[in-house]
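Chemist: Now for the letters of each chain:
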Amino acid sequence: KAGVTQTPRYLIKTRGQQVTLSCSPISGHRSVSWYQQTPGQGLQFLFEYFSETQRNKGNFPGRFSGRQFSNSRSEMNVSTLELGDSALYLCASSSIQDRRQFFGPGTRLTVL
Amino acid sequence: QKEVEQNSGPLSVPEGAIASLNCTYSDRGSQSFFWYRQYSGKSPELIMSIYSNGDKEDGRFTAQLNKASQYVSLLIRDSQPSDSATYLCAVTGGGNKLTFGTGTQLKVEL
Numbered sequence: 001k002a003g004v005t006q007t008p009r010y011l012i013k014t015r016g017q018q019v020t021l022s023c024s025p026i027s028g029h030r031s032v033s034w035y036q037q038t039p040g041q042g043l044q045f046l047f048e049y050f051s052e053t054q055r056n057k058g059n060f061p062g063r064f065s066g067r068q069f070s071n072s073r074s075e076m077n078v079s080t081l082e083l084g085d086s087a088l089y090l091c092a093s094s095s096i097q098d099r100r101q102f103f104g105p106g107t108r109l110t111v112l
Numbered sequence: 001q002k003e004v005e006q007n008s009g010p011l012s013v014p015e016g017a018i019a020s021l022n023c024t025y026s027d028r029g030s031q032s033f034f035w036y037r038q039y040s041g042k043s044p045e046l047i048m049s050i051y052s053n054g055d056k057e058d059g060r061f062t063a064q065l066n067k068a069s070q071y072v073s074l075l076i077r078d079s080q081p082s083d084s085a086t087y088l089c090a091v092t093g094g095g096n097k098l099t100f101g102t103g104t105q106l107k108v109e110l
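Order-wise, the sequence lines are chains H and C. Under the numbering used here, the letters of the first sequence match residues 1 to 112, in that order. Under the numbering used here, the letters of the second sequence match residues 1 to 110, in that order.
Please note that a few of the clues may not be correct.
[Stated by the list, open to error] Think about it this way: if two alpha-carbon atoms lie no more than 25 Å apart in a straight line, the pair counts; the simulated DSS-like pairs of lysine-lysine are:
1. 13(H) <-> 42(C)
2. 57(H) <-> 2(C)
3. 56(C) <-> 67(C)
4. 107(C) <-> 56(C)
5. 97(C) <-> 42(C)
6. 1(H) <-> 42(C)
7. 97(C) <-> 56(C)
8. 57(H) <-> 97(C)
9. 97(C) <-> 2(C)
10. 1(H) <-> 97(C)
11. 42(C) <-> 107(C)
12. 97(C) <-> 67(C)
13. 67(C) <-> 2(C)
[As the list claims (entries may be wrong)] Ranges of calculated distance between the beta carbons of each label pair, as one might list FRET restraints:
14. 57(H) <-> 82(C): 13 to 21 Å
15. 38(H) <-> 81(C): 42 to 50 Å
16. 20(C) <-> 97(H): 26 to 34 Å
17. 66(C) <-> 82(H): 39 to 47 Å
18. 16(H) <-> 59(C): 43 to 51 Å
19. 61(H) <-> 12(C): 37 to 45 Å
Because the hints were derived from the structure by calculation, they are not lab data. Here the structure is a predicted model, which means the values were calculated and not measured. Built from N, CA and C at the ideal position, the CB exists for glycine as well.
Turn these sequences into a full structure, and let the hints steer you where they fit.
Modeler: Printed below as a string of structure tokens:
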């Protein structure tokens, strides 16, 4: 099976702009979770989607949002970008039968 | 108190030795436990999962779980230079929200 894919792999934006990141889960996986990784805060959970519904949410401001489509692909959006949003954004997918989560390669976002 | 704690290291071991990585967690309701390996500039790669007390072995890797002590460990036997990476401990409470430790940097020296 193909792994989790994320696009784009790299992004450079300026403060105040918005950005949309995409994630395609492993075939058959219906749960997609998003994480932010920074040197200072480590890996932090953003939110999880399952069957097009947000099932869980981390402690991030409302500028961070997401959605999931009927084919389980997911997008996350960050509006009004701040310098502190510079990070590696990772998505992970899992199946109903398995608690394990498998990560994609990530999107490296730089906010200038 | 952090929810998941790991020694940041670096932990240095000679090639061929056993590397022992430790992790403690604060939520007694935690149900699933994972070890991820992350090379510099790459995404985390799942190497072990464990859900019940005891040991679980997979090749050179052994995960150990002690829920009473809220302690998870990872042993890497016959350590190789290619094992040099950051090892992340992660736990969940039943859902899919992974809570990560800050990771332990492992260096395997020739």
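Chemist: Run every hint past the structure and note whether it holds.
Modeler: Results of checking the hints against the structure:
1. 13(H) <-> 42(C): Holds - the C-alpha atoms of residue 42(C) and residue 13(H) are around 21 Å apart, at most 25 Å.
2. 57(H) <-> 2(C): holds, 19 Å
3. 56(C) <-> 67(C): holds, 14 Å
4. 107(C) <-> 56(C): holds, 23 Å
5. 97(C) <-> 42(C): holds, 21 Å
6. 1(H) <-> 42(C): Cα-Cα ~20 Å, so holds.
7. 97(C) <-> 56(C): At roughly 23 Å apart (the allowed maximum being 25 Å), residue 56(C) and residue 97(C) satisfy the hint.
8. 57(H) <-> 97(C): Roughly 8 Å separates the two Cα atoms, so the pair holds.
9. 97(C) <-> 2(C): holds, 16 Å
10. 1(H) <-> 97(C): holds, 24 Å
11. 42(C) <-> 107(C): The given pair, whose Cα atoms are some 17 Å apart, holds under the 25 Å limit.
12. 97(C) <-> 67(C): Cα-Cα ~19 Å, so holds.
13. 67(C) <-> 2(C): With a Cα-Cα distance of about 17 Å, the restraint between residue 67(C) and residue 2(C) holds, given a limit of 25 Å.
14. 57(H) <-> 82(C): 13 to 21 Å: Taking Cβ atoms as reference, residue 57(H) and residue 82(C) lie about 37 Å apart, which means the hint is violated.
15. 38(H) <-> 81(C): 42 to 50 Å: violated, 28 Å
16. 20(C) <-> 97(H): 26 to 34 Å: With a Cβ separation near 32 Å, residue 20(C) and residue 97(H) satisfy 26 to 34 Å, so the hint holds.
17. 66(C) <-> 82(H): 39 to 47 Å: holds, 41 Å
18. 16(H) <-> 59(C): 43 to 51 Å: holds, 49 Å
19. 61(H) <-> 12(C): 37 to 45 Å: With a Cβ separation near 40 Å, residue 61(H) and residue 12(C) satisfy 37 to 45 Å, so the hint holds.
The structure does not agree with the numbered hints 14, 15 stated previously, though it agrees with the rest.
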